[in-house]
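Asks: Going line by line, the protein sequences match chains V and U. The first sequence maps to residues 61 to 234 in our numbering. The second sequence maps to residues 61 to 234 in our numbering.
The set of hints was computed from the structure by calculation and includes no laboratory data. Values in this document were obtained by computation on a predicted structure and should not be read as measured data. You may find that some hints are simply not true.
Put simply, identical chains are the same to the list, so a pair is met inside one copy or across any two.
Said to hold, decoys possible - The list that follows gives simulated cross-link-like pairs (lysine-lysine, BS3-like), each with its CA atoms no further than 30 Å apart:
| no. | residue 1 | residue 2 |
| --- | --- | --- |
| 1 | K188 | K99 |
| 2 | K200 | K99 |
| 3 | K163 | K99 |
| 4 | K172 | K99 |
| 5 | K216 | K76 |
2 protein chains.
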Amino acid sequence: MDINVVNALPYEEFVKLFGNVVEKCPLISAAVWSCRPFKDLANIEVHIAEFIHSLPDSGKEGILRCHPDLAGRDLQSGTLTQESQEEQSQAGMTTLDSAEILKMYRLNAEYKDRFGFPFVICARLNNKADIVRQLSERLKNDRAAERERAIEEVKKICSLRLRNIVLPDIQTKL
Amino acid sequence: MDINVVNALPYEEFVKLFGNVVEKCPLISAAVWSCRPFKDLANIEVHIAEFIHSLPDSGKEGILRCHPDLAGRDLQSGTLTQESQEEQSQAGMTTLDSAEILKMYRLNAEYKDRFGFPFVICARLNNKADIVRQLSERLKNDRAAERERAIEEVKKICSLRLRNIVLPDIQTKL
């Protein structure tokens, strides 16, 4: 998709297309529509990152709280967004055995209890073992550091989702 | 619903309950969960308003762009959120004749073309005639003034949606 095509989209079409590049936060893509014309795909990412960083800490935590647990209730009940479903599937979260599901449940619960937001990681860039290891390690962070760490993951997820929309013919499913 | 019950909700339940008090912006209720404990219902509203006002202009416009047109495509195709469906119905938007639908379509298109976001008004506090009159009048505003005007309407909609959730037994459908 040519950037001129993206720049010509009315906001309704833009939000329909990019509304979930940050999970369940169409507000963000709807906001960056104000920044057109975009020079290129990377420029859209820059504007999204700038918008996220302009938010107060509560807003960053709000973004994180719009994310589902990995291998959590939404996956079990089939209520993940299409993007999350594909990403969790690719990271092996859909084929865990019951002991692994229980382990993820306990780690997620401990994480949410400690930080007040869910563990977010770019599932496409990590396999099952990476995810369990990083979840255990990141539990040792303090809240401010972990908030920033998780937001960096949100930006990676966003980058890959954007590429999948704008460059669907290129191998972006890393 | 007692405020102590609200304050005891984990973020997942809080977002499930209040996620659409600002249309399609669960990020906002997810963010204000960080501000617990709330003193009362009015205190939740204050935190939501403060969060909205903390956003850059693009973010406020982003909120507006998450709203559907009045008597627009989403209403015709049955894809409104439940809250919007009820509000548009109450304001008479579901029983327009074809000439009225065409008039709303033209006014909405003119408004979106001028401002880059949709016309937002608290439908529960206005009837069909009020809506058409205000849409025509507000078209004369400049963009900055109209952005602020529309955000005031978002806050009124939010206030009534909050009351309907927390005080469902009291007559709040004005």
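Asks: Next, verify each hint and record whether it holds.
Replies: Right, here's what the structure says about each hint:
no. : hint         : verdict
1   : K188 <-> K99 : neither (37 Å within a copy, 42 Å between copies)
2   : K200 <-> K99 : neither (40 Å within a copy, 32 Å between copies)
3   : K163 <-> K99 : neither (45 Å within a copy, 37 Å between copies)
4   : K172 <-> K99 : between (39 Å within a copy, 24 Å between copies)
5   : K216 <-> K76 : both (20 Å within a copy, 26 Å between copies)
In summary, the structure is inconsistent with hints 1, 2 and 3 from the numbered list given earlier, while agreeing with the others.
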